[in-house]
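Chemist: Take the given structure of chain U and dock chains A and L to it, following the hints.
Each protein sequence line maps, in turn, to chains U, A and L. For the first sequence, counting from 1, position 148 maps to 148 in the numbering used here; every step adds exactly one. For the second sequence, counting from 1, position 92 maps to 248 in the numbering used here; every step adds exactly one. For the third sequence, counting from 1, position 651 maps to 1071 in the numbering used here; every step adds exactly one.
A few of these clues could be false.
As the list claims (entries may be wrong) - In silico SDA-like links for lysine to any residue, alpha-carbon gap of 25 angstroms or less:
#1 L/Lys664 <-> L/Ala902
#2 L/Lys542 <-> U/Thr84
#3 L/Lys542 <-> U/Thr2
#4 L/Lys478 <-> U/Thr2
#5 L/Lys431 <-> U/Thr2
Said to hold, decoys possible - To spell it out: a stretch of chain U is covered by chain L in this simulated footprint if at least three of its residues, at any positions, have a beta carbon under 8 angstroms from a beta carbon of chain L; those stretches are:
#6 61-74
#7 85-96
#8 103-116
#9 135-145
Quick caveat, the hints were computed from the structure, so don't treat them as lab data. Yeah, the Cβ is synthetic: ideal placement off N, Cα and C, and Gly gets one too.
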Amino acid sequence: MTITVNMTVNGKDVSAEVEPRTLLVQLLRENLGLTGTHVGCDTSQCGACVVHVDGESVKSCTLLAAQCDGGQVTTIEGLADGDTLHPMQEAFREHHGLQCGFCTPGMVMSAIDLVNRNGAPSETEIREWLEGNICRCTGYHNIVKAIDAGAKSMGG
Amino acid sequence: MYEFEYHRPSSVAEAAELVSKADDGALMAGGQTLIPTLKQRLASPSDVVDLGAIAELKGIRVEGDAVVVGAGTPHAAVAGSAEVQGAIPALAALAEAIGDPQVRNKGTLGGSIANNDPAADYPAAVLGLGATVTTNQREIAADDFFTGMFETALTDGEIVTAVRFPKPQRAGYAKFPNPASRYAIVGVLVAETSGGVRVAVTGAGSCVFRASEMEQALAGSFSAEALDGISVPADDLNNDLHASAAYRAHLVSVMAKRAVAAAQ
Amino acid sequence: MTEFGIGAAVKRKEDFRFLTGRGTYTDDINRPGQLYAWIVRSPHASADIRSVDTDAAKNAPGVVAVFTGADLAADGVGGVPCGWQVTDKHGEPMKEPPHPALVADRVRHVGDQIAVVIAESKDQARDAAELVEVDYAELSPATSIADALKDGAPQVWDEAPGNICYDWELGDQAAVEAAFGQAAHVASIDITNNRLIPNAIEPRAAIGDYDPASGDYTLYTTSQNPHVIRLLMGAFVLSIPEHKLRVYAPDVGGGFGSKIYHYAEEAIVTWAAGKLQRPVKWTAERSESFMSDAHGRDHVTHAELALDGDGKFLALRVHTDANMGAYLSTFAPSIPTYLYALLLAGTYTTPQIYCNVRAVFTNTVPVDAYRGAGRPEATYLLERLVDVAARVTGIDRVEIRRRNFIPKDAFPYQTPVVVQYDSGDYQATLDTALRHAEWDGFEFRRQEAAERGKLRGIGISTYLEACGIAPSAVVGSVGARAGLYESANVRVHPTGSVTVFTGSHSHGQGHETTFSQLVADQLGVPLESVEIVHGDTAKVPFGMGTYGSRSLAVGGTALIKAMDKIIAKGKKIAAHLMEASEADIEFKDGAFTVSGTDKSTTLAEVALTAYVPHNYPIEELEPGLEEQAFYDPTNFTFPGGCHVCEVEVDPDTGVVEVVNFTAVDDVGRVINPMIVEGQVHGGVAQGIGQALLESCAYDQESGQLLTGSYMDYTMPRADNVPSFHVSHEMTLCTHNPLGVKGVGEVGAIGSPPAVINAVVHALEPLGVTDIAMPATPQRVWQAIQAAQTQAAAE
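Isolated chain U, as found in the complex (with noise of 0.2 angstroms):
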């Protein structure tokens, strides 16, 4: 049995038929293509699949697809325009945020909601907003510089 879910994804209008156990980083990977979003864990954990939904960052590992229908998602192919980096993406470069760049779309989605809602946020207030994305690369200490410039630029 499938059901069939519409939603706006990245700005554009998608439908899918799925079965209901389908999560949105299903629908994302396997019936979109959009393989930017990964899968880290399957404990809701390394947040590795980190995806805006109606403007705010959820696990796409533990969201059914059923449950964003109507909804507006963005993935981190979503964020660029072109070849212009969203300010974030820009700063996670500028700044070494990433070294085997598994986790990063989720690290950048994530960031982006932080400073949607804390515009100037310290050290302290980013590295505890991390606590749903896990790095083994990095170290983080790379990734709290890139955050703390790009809500920087975000602001400017």
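Modeler: Showing chains A and L alone in chain U's frame:
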């Protein structure tokens, strides 16, 4: 996940009917516990009834001397609510300490207390603040709501619609998180209420409980020092990889003092 | 230094695709007609398999096939091989039990593979896997080193009596005993080096593909070394000749050692793709990663240091039992031997060292290299032991290190444990680290913390490691079943742009940038005109891949040597073009110049001439401008340095907060300081993870993995670590042309003892003298309680 049928009702009545008609229906609020459980194949409901589209379950309002939080309100909304921050800052702080930002954006008050995970934060707030749980069938006092590990007074088809938190004179929450999962190893909410001092402990035992000896001590003097030498017995506390029962008992005292110090 | 050359903090070329979600990781790849595999894994740590019934699973919706160990055996599929044979102290080879891709008779750890279900969708495969009925006869497991070594312990393998894989030794035991007889002081310590789970954030994945038209197989896999996988799987497991097998490791989301090894799933999907003539994909769930990725560390050690009256180290005596798990993973036997005992001199002049290592089989996941691999274990015991020696002798812990350092004018320095260090200046890294860490101001900070109710401590580690692995003949003589050279092919295109094909593999290290910088520096071409290709055996020359901090020292040197050949050939062409003698041609900044004249031609012009050889010395020189080099290093490289950690302990809860972390590392010449610092940051975070957070735990009775997810295995998160103070001092490696040493692992090697020395320092006033890793809140609290109880009793 096993296969299931999915329903997305727009009213509580419709949801109650759907879940009662299902062979083995599961109510899903934010899904932040249920979906991981389904992914691990630890549950196999025939039907999942998603409460996420029910407008009447959402929202926060101040009613007289109480804050009423709709069961479908996400933790982030509670944490960020000016009403909650003004009336019961400890409740906002507790909501801010749940999970991570993404979990707080989806997870809900109703989902949390209906699940009654022994390491969840919200049960401490509901019990510690002496809240009243409203369902589609009745009102349940907090002292009667949490009945055991993952067990509540809710009956089949009964849906939490809101929780009414009376404003305390002051309250504080202190949490010692599990270093891995960040659930509460121990969370203590202390509140000075019109009905007396209440101390609710989550994480430490199989179910949230009140620490009566601490309540009596704080009734005499609402100060951290009043708790000196008072501890909960370790016998009934949880014992796992991260914290022995003895360590948990110790942490209950430490967190209780910190909650008192933080109370406002 | 140019803008993009050696020493420049060039922004990474790979970042655009990663930041825009356009990386291509293995699980992002889907092949037409692809099927999905789900592995049936053992829920028991030890059990005989009485029967496996796959009938119901085979009839489940969407299922195409179910295979068991019997099916693999019938097809002649071999076991997963081990790449290193250690010879024990009696001259006997290690016990090397079989490691079938799917086990048929007995499971030996939770997660052991029994069957594979292949279906049209992953959910269907997983649904059907639950219908595979395995009848087990449960056995008692041996779940820890201690359990496995007990008299009468359950035997993991009949061919390994007492569960001993090998009993190995290094050093002159008699000389060491004699030195202990002369000692004025002896410091001793018992250490458990906690078992870790690597946890690269990308779970392992593999896709097997078979082309019936050509008979070619392709394996897409999450590997740090695709050629090693091709060699091991092709030659030993599936008997696919190498010209018919392509292994492609595309973007890989972190490795840390765990993606070096050849895993059974790779062979299973490749074999099944041929069998079913359809692509077969397998992607691990994180829960599977926990019980199937090779784990790291897991040593139990007793060590003693003999000192004279002046605090000079006389001799070191070490006994270590190292957990191998249930099977020998690819490089497992080498880790607690040649990557461990050879490091026991550290930065010190200890003249006599004896080390005895027993490798022990247990009913747990195989243990192999994890970031640092043997060297963190050696460093941890040494640097903890030196702190104990300082306490025993009453000598300041900085001073006792200084007294025993190998002086900077003593290089090359022959240690008593085989290796000869080429360069280093340990006083310099120590001095800089103490300055950056404001060591002298610590007492003030301690008092200030005390006023806030916190116990503050500061700890130090002056470490050394050996990497840039390794001279093939040397490792071959001690049991390696492979060479450890590296390859590079440099293709200068007719228009002067350059493609480099490297045998190194980047899974976060930024080779596409660093190697491009080498090309820009050496050939004078702009960075954007350089492409670095890696990871695909169909494209790159045979290479050994990336681990052991070897990419720049070995792979980078191969690249330099290939470019030397390009320049040499280019000089010949330029000499012909400019009608000059080859001896008079100089090459600099991308231009060939006739010495002492203004006659010049560019690399691009030379390249065009090489490909359009109208005016060309065709009788002496082949057309084209493409060169290849294989480089086999003549020695290990020896990075070293000093890490200083400062912590605050909350005595009420036992929580340890790292408040300052200073690293001063000598990694040789730095090509890209931004990337180098990033490597240190990541390594230090993993070291703090080992010291304070991470530990793999098994239930002793049942052998169940207790830390089987992020709910129980504590990964370092952003709020567990501070911002780090990272810098470097430089002494050049003397035996490679770049002078580079390697930076991938120093952070994880140097940091754990610095952290624990700091925690012990913080707790010393309470009477605590040691604490095991990880120093979790519960463990610290318990240590405080025990010390207070003891103090009260005294």
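Chemist: Are the hints correct? Go through all of them and say.
Modeler: Evaluation of the provided hints:
1. L/Lys664 <-> L/Ala902: 21 angstroms, holds
2. L/Lys542 <-> U/Thr84: Violated, at about 37 angstroms.
3. L/Lys542 <-> U/Thr2: 16 angstroms, holds
4. L/Lys478 <-> U/Thr2: Distance of about 24 angstroms is within 25 angstroms: holds.
5. L/Lys431 <-> U/Thr2: Violated. Lysine 431 of chain L to threonine 2 of chain U sits at ~46 angstroms, over the 25 angstroms cutoff.
6. 61-74: violated (count 0)
7. 85-96: Coverage by chain L holds here, the residue count being 6 at a Cβ distance below 8 angstroms.
8. 103-116: That given contact holds, which follows from 4 residues of the region 103-116 of chain U lying within Cβ reach (below 8 angstroms) of chain L.
9. 135-145: Holds: 11 residues of the region 135-145 of chain U have a Cβ under 8 angstroms from chain L.
Comparing the model with each earlier hint shows violations of hints 2, 5, 6; every other hint is respected.
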